[in-house]
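Asks: First to last, the sequence lines map onto chains B and Z.
Here the working numbering is used: the first residue of the first sequence is 32, the next is one more, and so on.
Here the working numbering is used: the first residue of the second sequence is 636, the next is one more, and so on.
Don't take each hint at face value.
[To be verified] Reference listing, derived: stretches of chain Z covered by chain B, where coverage requires no fewer than 3 residues with Cβ under 8 Å from a Cβ of chain B:
#1 664-677
#2 680-687
#3 721-732
#4 735-742
[Unchecked claim] So the derived label-pair ranges between C-beta atoms look like this:
#5 P649/Z x G128/B: 22 to 30 Å
#6 E34/B x A664/Z: 24 to 32 Å
#7 N657/Z x R111/B: 39 to 47 Å
#8 I91/B x K702/Z: 24 to 32 Å
#9 D102/B x R676/Z: 48 to 56 Å
#10 G128/B x N657/Z: 24 to 32 Å
#11 Y686/Z x S40/B: 49 to 57 Å
These are computed hints drawn from the structure, not numbers from a lab.
Glycine is no exception: its CB is placed at the ideal position from the N, C-alpha and C atoms.
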Amino acid sequence: EPEVTQTPSHQVTQMGQEVILRCVPISNHLYFYWYRQILGQKVEFLVSFYNNEISEKSEIFDDQFSVERPDGSNFTLKIRSTKLEDSAMYFCASELGQGDSPLHFGNGTRLTVT
Amino acid sequence: QKEVEQDPGPLSVPEGAIVSLNCTYSNSAFQYFMWYRQYSRKGPELLMYTYSSGNKEDGRFTAQVDKSSKYISLFIRDSQPSDSATYLCAMKRAGSYQLTFGKGTKLSVIP
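Okay, chain B solo, but in the shape it has when bound (with noise of 0.2 Å):
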């Protein structure tokens, strides 16, 4: 069964720094977003991405946050200047058509800014 693909796994950076996740999500998929899940928290929606823009974007996915899809397979999530509070899960997923399809999600990337 095809899967939502992400690296790396875990991703230790500076308070400061630069960090890209990357995501390829399912080949024929339209729709893609990114999600976080701080530690004991609720999964929360970031980012949705279609046609090469972004579609929807929430309070979270503020300046330091962009998205982009390099290369037509690859979906990245940039954090530009990373904080402590930037530390969770990150989860990237896709979708076949909006409204009636669900989201399938990859494994996450686990971010820890020190």
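Assemble chain Z onto chain B, guided by the hints.
Replies: Chain Z alone, transformed into the frame defined by chain B:
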């Protein structure tokens, strides 16, 4: 009032028991309802997806939606130790890309 409320548990049941997991929500605009299972340090795995009131069955799992009461449930029949995980409800408004999750219920099925 939180948009989606889910009892975090933990819930512990003996093997073979019927498990009932529930979420309530306050936003009547939610139209699509999902249940995900999440094992420790893994991504959410889709179990059930519904968009209408009523029941939907898939193997040992039954999802129930009551839009008038703003209440959704997941029933697990003949529970197995491998069902031990955190169960997340999630829902989405029509026209929105954003899933709103409950906090998850941690389930342990004891052999």
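Asks: Now, for every hint given, state plainly whether the structure supports it.
Replies: Results for each hint:
1. Counting residues of the segment 664-677 of chain Z whose CB lies closer than 8 Å to any CB of chain B gives 5, so the stated coverage by that chain holds, three being the minimum.
2. Coverage of a stretch by a chain is defined here by at least three residues with a beta carbon nearer than 8 Å to that chain's beta carbons; for the segment 680-687 of chain Z and chain B the count is 4, and the condition holds.
3. Residues of the segment 721-732 of chain Z with a Cβ under 8 Å from some Cβ of chain B number 6, which satisfies the need for three, so the listed coverage holds.
4. Taking a C-beta to C-beta cut-off of 8 Å, the segment 735-742 of chain Z contributes 5 residues in contact with chain B, enough for the three needed, and the coverage statement holds.
5. The given range of 22 to 30 Å is broken by P649/Z and G128/B, whose C-beta atoms sit roughly 41 Å from each other.
6. In this structure, E34/B and A664/Z meet the distance hint of 24 to 32 Å, their C-beta atoms being roughly 31 Å apart.
7. As the Cβ distance of N657/Z to R111/B is approximately 40 Å, the hint placing it in 39 to 47 Å holds.
8. I91/B and K702/Z have their C-beta atoms about 28 Å apart, which keeps the hinted 24 to 32 Å range intact.
9. A beta carbon spacing of about 28 Å between D102/B and R676/Z contradicts the range 48 to 56 Å that was offered as a hint.
10. Against the hinted window of 24 to 32 Å, the Cβ-Cβ separation of G128/B and N657/Z comes to about 29 Å, which satisfies the hint.
11. Checked against the given bound of 49 to 57 Å, the beta carbons of Y686/Z and S40/B, roughly 33 Å apart, lie outside it.
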